[in-house]
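So the protein sequences, as listed, match chains S and C.
Numbering that gives the first Met the number 0 applies: residue 0 is where the first sequence begins, and numbers increase by one.
Numbering that gives the first Met the number 0 applies: residue 0 is where the second sequence begins, and numbers increase by one.
What the hints contain is simulated information worked out from the structure, not anything from laboratory work.
Just so we're clear, the structure is a prediction, and the values are computed from it rather than from any experiment.
Check before you lean on any hint, since a few could be wrong.
Label-pair restraints from in silico Cβ distances [stated by the list, open to error]: (1) S:G92 to C:V127: 45 to 51 Å; (2) S:N304 to C:G249: 27 to 33 Å; (3) C:K112 to S:A186: 28 to 34 Å; (4) S:G314 to C:A64: 45 to 51 Å; (5) S:D189 to C:N256: 26 to 32 Å; (6) S:G128 to C:L132: 50 to 56 Å; (7) S:E324 to C:A64: 42 to 48 Å; (8) S:N304 to C:N256: 43 to 49 Å; (9) C:L30 to S:D189: 44 to 50 Å.
Just a sample of chain C residues kept apart from chain S, beta carbon distances all over 10 Å, derived [to be verified]: (10) G31; (11) L44; (12) A128; (13) L129; (14) V134; (15) V139; (16) K140; (17) D168; (18) R185; (19) I220; (20) G221; (21) Q233; (22) S234.
Every residue gets a Cβ at the ideal spot worked out from N, C-alpha and C, and that includes glycine.
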Amino acid sequence: MKRRFIAVLAAASVLGLSACGSGSPSSTGGGTATGTAGRASDLTKVSVGVIPIVDCAPIYLGDKQGFFKEEGLQLDIQTATGGAAIVPGIVSGSFDFAFSNLISVMVAKDKGLDLKFVANGASTTGEVGKDIGGVVVPAGSDIQSAKDLAGKRVSVNNLSNIGDTTIKSVVEKDGGDPQSVKFVEVAFPDAPAALANKQVDAAWILEPFLSKAVAEGGKVVSWNFVEMSPELDIAGYFTKADTIKGKAELTEKFTRAMNKSLEYAQLHPQEVRDIVGTYTKIDEAARAKIVLPQYRVEFNKDAFNTLGEAAAKYGTLTKAPNADELLP
Amino acid sequence: MSSTTLTSGGAAPGAERPRRQARKMPTKQLLGVAGILGFLLTWELIPRLGIIDARYLPPASEVIAALLLDFGLTAFWVSVGETMKAWFLGLLIAVVAAVLLGFIIGSSSFLRKATNSTVEFLRPIPSVALIPLAVLLFGVKIESSLLLIVYASFWQILIQVLYGVADVDMVANNTAKTYGLGPMARIRYVVFPTALPYLMTGVRLAGAVALVLAITAELVIGSPGLGREIALAQSGGAISGMYALVLATGLIGVLINMLMRFIEKKTLAWHSSVRSEVIV
């Protein structure tokens, strides 16, 4: 009896160990290990938290082009599935740098965390009719423009964030009452279904779902990013003020490599579309059609202030942020 | 076989039982298969009849095809490996910790009383509520998953072990004492055999809970594994790919349950709840 018990335990542990063994090569979401592991010893390891979306393509592309290695950095790209893990990851030191939209960082700063951007990430294309995000209504809806959203149910992926802030701002600009818009939290992938089932009257959607929704007959009534400001920066790479002070050299190297990656991505859209396929599950047909954001090095301070003031006005922030403290 | 004689044997029904079981098995399996087929058919029909838009819920056949395609991909098995690694390590840590603490606390009525309120306070805290703490401590690595898994499965096992230890027959224990068995020997020959069936139940329950938490952690936090692949498929708009991965997690759950039942049956072969004939 005793022997059999031990045999079963042994079998169970072998099963477990074999499960461990098969888990070692990391090839899925991260997908950066190839090639960079070779001369790891003389490179400084830098961990960066990103979200697996099109906006983060430059860092993958820059890694592939060797921009980070040229600076003596070995990138460890870690994908968080949502924004929830990003700011805590920076605060706890799990990430040296991370990617997030501007409002999330403004909110964290507003709550007393000393954060600062070190590089730009993604900006609006600046073109009405061809941007990376918009408010979609079903064909035949009586909502014609932003002001008609007043009193309607509009889905956003996160409440009190960049979606509802920019939408409220464009509704007000268009002459509607921003406070009467009823925002409902629906994740982007579920938003088209929520719209089709009439759970919401309009859905704020980003790529890759936006071009799909439009192809399926949806109508964009507001290109909220570009309508708020044609120069609006949407997301960037940030870190703790401690890191910038304590690891000044590392920060400079990262910023330089990141900026180079942004420039490269802006000039090579096809390579952006290709690399997106390595870390997301967006299929090739969809990748060929999506609108890419604008990748640029400099933040636009005026647009940043416009966004910050709107967030303060609509209650997402207690006061408008100081651009000089937050921007590089 | 001293342990079996010391624990209250309990007469099992005679030789009639195995025969009845043998006749019952095929029907039971047939019913199981019919249940699965019925479920798949219903799933196939719902989008086909347009009850739910097929764009948002693809029919079963399409999802199964996507799953079969996944089976051919290394990346899929790497994710399965990551999930199983988190599941196994988490469960192992929980078992070791719960067994050690369970035997220590359970063997002293003072400790039992002293820890009771704490255990009852901590136990109902949902593990997912610890996600912010996990991320703060460990980022998006496997350690975050482990924290959630261990927390959720630890209580399942601890409570069972405490009940098991409390269930020890005082007469058997006193008899062992009279025969000169020391504390360690009594734990080995009296307490452990009594607590083992409880422990195995705890481990089986914890095995399922650990899988749920492993997938949840990967889904929400983004630590490596099947859950993260589900989140990736969802955010990339690969709907049937996503449901295929969900189906895969269900299959893993079934396999884990089968494995647990097998281990339980083997380790408790001597116990009256499992053995089919009387050992005299």
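For each hint given before, does the structure comply? Return the numbers of the non-compliant ones in rising order. Violated hints (numbers, rising): 1, 2, 3, 6, 7, 8, 9, 14, 15, 16, 19, 20, 21 and 22; every other hint is consistent with the structure.
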